[in-house]
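Chemist: Can you build the whole structure from these sequences, using the hints too?
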Amino acid sequence: MKGSVGKRITTWVTGNRVWRSLFRHDLPHDDLGRMQTMFTNFFLHLVPARVHFHSLRPGYTLGLGVISLFLFAILVVTGVLLMFFYVPWAERAYHDMKDLEFAVSYGVILRNMHRWAAHAMVAVVFLHMVRVFYTGSYKRPREFNWVLGVLLWLLTLGLSFTGYLLPWDQLAFWAITVGTSIASYPPWIGKTLRVLLLGGNTVGQGALLRFYVLHVVALPVAVALLVAVHLWRVRKDGGLSRPLTPALPAIAGGVPDPATKDATGPALAEYEIFPPFSQKTYGLMELAWGTSPVVETQAPEEEIPSWPHLTFRLLVLFVGVLAVMSTMAYFFDAPLEELANPTHPPNPAKAPWYFLGLQELVSYSALVGGVVVPALLILGLMSIPYVDLNREGEGIWFTSQRGRRIALACLLGTAPLGPLLIYLNGHFGARLLWPEAPQAVVDLLNPGSLLLFLIVLISLMTWRVTGSRRAAAIALFSAFLSAYVILMIIGTFFRGPNWVWVWPWQAGAIY
Amino acid sequence: MSGSQPGGFWDRISRRALLGTGWVAFLFSVVGPALANIRFLFPNVVYEEPTVFKIGTPEDFPVGTTTFLEDRRVFIFHEPQGFRAVSATCTHLRCTTGPFVPADGQAKVEHSHCPCHGSIFDKAGNVLQGPAPRPLEVYQISLGGDGRLVVNTNEVVPPDRYFKA
Amino acid sequence: MARDPGASLRRWTWAFALLSLWAFVFFVLSLWRDYAREWKGYQKTFLQMELSQAKEERERQIVRARDYELNQIIVAGGRRMDRCTTCHLGIEDPRFNNAPQPFRTHPAIAKHPFDKFGCTVCHQGQDMATTVKAAHGEVGFWEEPMLRGPYLQATCGGCHTGAELKEAPLLARGKQLYQEKGCVACHKVRGAGGSLGPDLSLVGTRRKDPAWHLKHFRDPQAISPGSTMPPFAALPEQDLQALTVFMLSLREAPSALAASTPLVASTTGGATHMSRTAPAPPAATGRATSTAGAPPPPGPGALARLSRAKVLYAEKSCVACHAIGGVGGKVGPDLTAEGGTPGRDLEWHVKHFRNPAAVVPGSIMPPLADLSEDDIKALAAYMLSLK
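Residue numbers (the numbering used here), protein chains in the order written: chain R, 35 to 545; chain X, 312 to 476; chain C, 346 to 732.
These aren't lab readings, by the way, just hints derived from the structure by calculation.
Taking lysine to aspartate or glutamate pairs in the EDC-like style, the calculated list, with each CA pair at most 20 Å apart, reads:
| id | chain 1 | residue 1 | chain 2 | residue 2 |
| --- | --- | --- | --- | --- |
| 1 | C | Lys722 | C | Glu692 |
| 2 | C | Lys456 | X | Glu370 |
| 3 | C | Lys461 | X | Asp382 |
| 4 | C | Lys560 | C | Glu488 |
| 5 | C | Lys661 | C | Asp720 |
| 6 | C | Lys722 | C | Glu683 |
| 7 | R | Lys384 | R | Glu371 |
| 8 | C | Lys533 | C | Asp715 |
| 9 | C | Lys461 | X | Glu359 |
| 10 | C | Lys456 | X | Asp371 |
| 11 | C | Lys461 | X | Asp371 |
| 12 | C | Lys526 | C | Asp544 |
| 13 | C | Lys456 | C | Glu512 |
| 14 | C | Lys655 | C | Asp679 |
| 15 | X | Lys434 | X | Glu381 |
| 16 | X | Lys434 | X | Asp415 |
| 17 | C | Lys385 | R | Asp133 |
| 18 | C | Lys696 | C | Asp719 |
| 19 | C | Lys478 | R | Glu371 |
| 20 | C | Lys478 | R | Asp367 |
| 21 | C | Lys560 | C | Asp584 |
| 22 | X | Lys475 | X | Glu448 |
| 23 | C | Lys456 | X | Asp457 |
| 24 | C | Lys389 | C | Glu414 |
| 25 | C | Lys461 | X | Asp457 |
| 26 | X | Lys475 | C | Glu401 |
| 27 | C | Lys478 | R | Asp133 |
| 28 | C | Lys478 | R | Glu135 |
| 29 | C | Lys661 | C | Asp679 |
| 30 | R | Lys270 | R | Glu337 |
| 31 | X | Lys434 | X | Glu390 |
| 32 | C | Lys461 | X | Glu360 |
| 33 | C | Lys533 | C | Asp544 |
| 34 | C | Lys461 | X | Glu381 |
| 35 | C | Lys655 | C | Glu509 |
| 36 | X | Lys475 | C | Glu404 |
| 37 | C | Lys385 | R | Glu135 |
| 38 | C | Lys478 | R | Glu372 |
Since this is a predicted model, take the numbers as computed values, not measurements.
Modeler: This is how it looks when you write it as structure tokens:
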């Protein structure tokens, strides 16, 4: 009885003209239908009609790019809602934060969601970059997409940084004071950059308004634009990168390569496979590889319809991100300290967590921490695809067994270097042994520059020994990753008042 | 969470049940927050004039007087039968109507003229002329614990209601 | 999709079901957290109390029809948004005289209507909060805890700067102790006093927590390392409280117009008057009555000069060395009856002020070199008036 009523309603709803004008095709039942669904829908045609099975393996991409996108969507939605209750006026901003906490329905949850999604996005975007690097997915023709990715990472940091000021509490005010001061270190452009950011010489109403405009309009639009190009590029580059030989060759008929064996992904056979046709009959939308649309008739069909395989996984990932963010928003409250007080800096005054590594370096040398390292970091990252020219091991984590070993060795080996150099600096530092040392000496001989030097040395040695640029790149990247994370941890947990070394269990270090 | 063990718990639940549960829970998790977000947009506190306010002791409003509290947009009438608090917000498009002045040619009668579109009201709040669709609202007036009169603009009372202090 | 799928799709389907349920559960939890607010519980209790107090059915209907809502009093044009009345619902209703807190009636204070002054101007606390702990300021990152017990007198002195209030005896005692203990020798208050220690004119705005002041009085070095302020731990508890009350009272008035009367109480008597010349907070306009107007300004002539002399006396730190009526230091002679000392007329005092060592050999009193002729004469007249 119930079924037939339900069925009648469904038929009436989906049969009438209004519905049919909106959804012009039924849910697909065959391959042709599946294709149509993907490229006749505005939102779905962002994604290819058919996708290579390798791209769907969770262990390959970890879904990090998609997760960043979903986090961005959550941030935009919660951000716009929060805008209805926030005025970027120094005399009102803090008051509005308190209102969100006490007087606005759902205000606490939305604010928490926004804050934790922001931190998560900074971390996930970074991890996505790490994944893309280790799978060698920046190689030709994807070089520019990698550069776009680095730019997107910087924009994400910018979004987080500009948003950090808006609560106008002590945490916000002083983090931005410190952050913009670090930004003023580069020669020639540094001071100008700071004045531009602050709309003045100190953090005040000018800074608040500019950061607000950057945060809600300029940077999100820039991110949306670059993300669009970034995803477009993924399509035009032929989809996600993958190894040239399929992981499970049983279908392919090739010889298994033990170096590329990856046990975490499902076998091609686990997908619904449709009997290969001798000719592809779907319409030509693009030419991803090759110079003609004719496909070899003996080649295995490696691509599977995006609907439902890709789309379903995207849906599940989205729900997962929503679930995790809701949990964090429920249990952990976003911080709000006292009202910003320009005459009363906290001790220590710390930048946001993703800049604490830089702040640690700056505490030794403004030049190294504020100028050299960031510049080298960005330029170095962007130049990787133009330096690493061979195509070996693309689409495979760490490229090869050797790559895996190099990565591990550099990750683990570099980790203690930072603390060791800091310890040595504390006892045998340049200024300690030679108090009148000129600044240049201090800039040369401090934990930051020495670490930089060592990392470059490790990389060059790797190149020498292996003769492979890719191996050298893996060494460089892994060492940098390790040093960056360790310095960030030190800046967060091991630095207390006056930036002296403390142990995390001593009060005052953890923010 | 391997689905490859035959006959395990994970295999016994049908795909239909899983998808059904998933979709229902998903829809609630999306539609729910959407509705909550709409509730979010409705303010619980407003930074406007309070809707319940004190105007002074009964002695401040002698019998037979009409007081126009402009900031509060309310007329206080103290007639022999008692107090009335009449809204000064024109029912046409919410302009503040003018003070009560003698009507043309009738010295004893006073009218309020709304400056925006010309509505004219009498002391009872009735519309004598103009586009106003309804009479002026009469608000509840009472005596507070400290002896001062309290006007509550959230409570509209019948126009013939007087408050005896 | 009707066929039995591969293991991967199955895993993902399970993930879909579980993650969706998880997201849904936390949505419901967050709905509950938002709905079940602490203050609603208090309003419910109060409504029940009102119901039991209601005498007629019509009253009961009105009470039952009420919604849960946040109440707030906007004070001084938005400087404070007191939400205390969300829970403290009976403060103006005399029927709740014997009710337990937070519902008890608040004693009426003449000329201080609650709907104009709010609550936190006197009681401190976190005006915008809607939970008990947060509203009472007993949470981290809020430096203005609610004042309890004797400390409540402090805020009276925030506005009523010049006068003795019979409702605030501890405040008066604190002012007196401030003079007695020679604090004025090192600290300035409103222009009067020494410069060794920090200016205390607005210490009550910077430090709103009584506990901080008590700690500081007992052991200044523990709070401010390197401080040369002597500890006052030996003072009895009452005296420390009084001094704390006085410190807390040294603050900006809520409408941000600083008091203009000098520290020393005027001789016009102990009338409680607002010693600001600015108008009182806005009242309802029209012919409705407003709150008390500004007090009459001090008259010209002798009274003014006497007041000026007292200002100078405090400004120049005379009290650090000389005592009047038991208040002051013991370095120099007691001046309580100076006016009656034979041989010392106006001229003597003027010469003495200009160069003490010339008039009294061996005197270590510093000359008051930078004072105008009028000021010196005023001080001299003051000396003569001390009988």
